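Fit chain B to the given chain A structure using the hints.
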Amino acid sequence: MHMRKERVNSIVLFFVLATVAIGYLVPIYWMVTSALKPSEEIFSKVELFPRKLTLQSFPVLFRSLPYGKWYLNTGILTAGYVLVALLTSTLGGYAFAHFDFKGRDLLFIVILITQMIPFHLMLVPLFIMISKLRLIDTYIGGFLPIAVSPFGLFYMRQYMLGLNKDLLDAARVDGASEYALFAKVVLPLIKPGLAAMAIFFSMEYWNNLLWPLVAMRSETRFPLTVGIASLINQYRPRYDMVMAASTLATIPVIVVFLIMQKQFLEGLGAMGRLVEK
Amino acid sequence: MKSQRLKRKIVPFVFLAPFLGMFIIFRVWPIISAFYLSFQEVKGIGTSKFVGITNYVALFGDRRFVSSFLTTSYYTIATLLTLIPIPLILAVLLFQRRTPGKEVFRTLIFLPSLTSLVVVGTVFRLILADTGGLVNAILGLFGIAPLRWLLLPELAVPSLAILALWRWTGMNIVYFSSGLTTIPPEIYEAAKIDGAQSLALFRYITLPLIKPIIVFVVTISIIGGYQVFVEPYILYPGGRTPGEAGLTVAVYLYRTAFRNFNMGYAAAIGVALAGIIFAVSLVQFQFSGFFKK
Chain A
1 MHMRKERVNS
11 IVLFFVLATV
21 AIGYLVPIYW
31 MVTSALKPSE
41 EIFSKVELFP
51 RKLTLQSFPV
61 LFRSLPYGKW
71 YLNTGILTAG
81 YVLVALLTST
91 LGGYAFAHFD
101 FKGRDLLFIV
111 ILITQMIPFH
121 LMLVPLFIMI
131 SKLRLIDTYI
141 GGFLPIAVSP
151 FGLFYMRQYM
161 LGLNKDLLDA
171 ARVDGASEYA
181 LFAKVVLPLI
191 KPGLAAMAIF
201 FSMEYWNNLL
211 WPLVAMRSET
221 RFPLTVGIAS
231 LINQYRPRYD
241 MVMAASTLAT
251 IPVIVVFLIM
261 QKQFLEGLGA
271 MGRLVEK
Chain B
1001 MKSQRLKRKI
1011 VPFVFLAPFL
1021 GMFIIFRVWP
1031 IISAFYLSFQ
1041 EVKGIGTSKF
1051 VGITNYVALF
1061 GDRRFVSSFL
1071 TTSYYTIATL
1081 LTLIPIPLIL
1091 AVLLFQRRTP
1101 GKEVFRTLIF
1111 LPSLTSLVVV
1121 GTVFRLILAD
1131 TGGLVNAILG
1141 LFGIAPLRWL
1151 LLPELAVPSL
1161 AILALWRWTG
1171 MNIVYFSSGL
1181 TTIPPEIYEA
1191 AKIDGAQSLA
1201 LFRYITLPLI
1211 KPIIVFVVTI
1221 SIIGGYQVFV
1231 EPYILYPGGR
1241 TPGEAGLTVA
1251 VYLYRTAFRN
1261 FNMGYAAAIG
1271 VALAGIIFAV
1281 SLVQFQFSGF
1291 FKK
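The listed protein sequences derive, respectively, from chains A and B. For the record, in the first sequence the residue sitting at position 11 is 11 according to the working numbering, with numbers rising by one throughout. Counting the second sequence from 1 gives a position; the working numbering is that position plus 1000.
Next up, chain A with everything else stripped away, as it sits in the complex (with noise of 0.2 Å):
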């Protein structure tokens, strides 16, 4: 009796579960179906399966707009991103990890703090500081002044207060210089969190609307966030267009989730790290 009493409670769950992950993917569904839809069919029927598919707006984005060269500067703007901010993070989390100095809680603490000012509050400082460096529609401006990154620094810290002080300390006494220790042992142990804080940028970068809008400015110069805000901002956005591109957009971030979802998970949940300390 109490066991068909569970069996038919997980047919239950199941089913409800079921209907919430599908509810998830419709939005997805719809818009590869509406970049596929032709355009004036958009807003007048609603087909859960469009009869008519056309893989007409899809050439379009890149005859008539620098669709390719968008990929190019998000790919760009990211990796530099990326870089910087996992460098400083990394550099300095294992010296607040790793070094006693004088002042170094109080400075972790202050650091820390920052990390809940919206960057709205330095917005128009910096785009004036990049405007009068000429930095503006640069890709050095365009990712520079925001990849310096508290919760990074916090997060590498974490990760490197786990690494066995007796390892390192051995590597010391075999005469390792400090900078040699770092690159030779400690580099090699963090992998993992490297990775999941290169994701963790990557993402960041990837849902950043406000900085790239004000830093780059000309269409060549667009990261695909700025460039599909720039076709929906049009006075009668072309939405089969608009579905095409953030379709192309959307795809490739869901294939190398789904190769590495591991990894993503532990990149994109980082920030319940803060919990456990």
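Worth flagging that the hints you see were computed from the coordinates, not collected in a lab. Because the structure is a prediction, the values reported are computed rather than measured. Backbone N, C-alpha and C define an ideal beta-carbon position, used for all residues, glycine too. Keep in mind that a hint or two might mislead.
To give an idea of the interface, some chain B residues facing chain A are shown, with a C-beta separation under 10 Å as derived from the structure [as the list claims (entries may be wrong)]:
#: 1; residue: Ile1031
#: 2; residue: Pro1100
#: 3; residue: Gly1101
#: 4; residue: Ile1213
#: 5; residue: Ile1223
#: 6; residue: Gly1264
Relative to chain A, chain B alone:
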């Protein structure tokens, strides 16, 4: 020997220098500069005039600012009311040992968290459309007349909240799941032997034990909610929001700085936003007993 010691003393600062340099140039200085600018009237880049607290006084009389503050507050409250309980319940259901296919479901619900916020905004313009929109089509199945989601002022915050629910459920499930894995299963076994029902298990074991993670999600939801920019910026392109009902503080700041080129006033909005987030966080920490620890 002395130089050797000096060298060793310098080591931590060599590691720290890149971060600290970036931090001072791109964080500390802009923060100070924002306060300075908020007391200025900026006419073009490079020429500005000290105007005292004029900008701050103006904020209180600025109907757009006050309404954007209220909109942002409603939005934040709406996300708290939906994005804490729903993902929490789903996380618990997905955690049950016997649920078949739970890995697949978790992955599917997580996919929205991978889409760029810009893309989410464009997709929801279609989904919430008057005609041809999915939400209205579904309402139609239940005999409900189509709603003008993107055109009625009173539906602006609900529209943004629906979007947020879709975008962030998977992410919050990840946070809650990581909290659930830290609960030792023996506690549940023991309680079950004592005859506790599922709801009692949830109420008296699960909730208290994952309270820290709930407090954490509430905190980031408040901080993120008050900063919301991309979603309303895309959902209401060209700033065409019905009766300014979709105007959030961040969008207003952007518009003030980069449409009206009123940089000093925009800086004051930024300082006010930081102050609001700081104040709300303090209240929340007080409530959740954060300071007791």
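Checked hints:
1. Ile1031: 6 Å, holds
2. Pro1100: This interface hint holds because 5 Å falls under the 10 Å limit.
3. Gly1101: At about 7 Å, which falls below the 10 Å cut-off, the nearest Cβ of chain A leaves the hint on Gly1101/B intact, so it holds.
4. Ile1213: 5 Å, holds
5. Ile1223: Status holds, d = 6 Å.
6. Gly1264: 8 Å, holds
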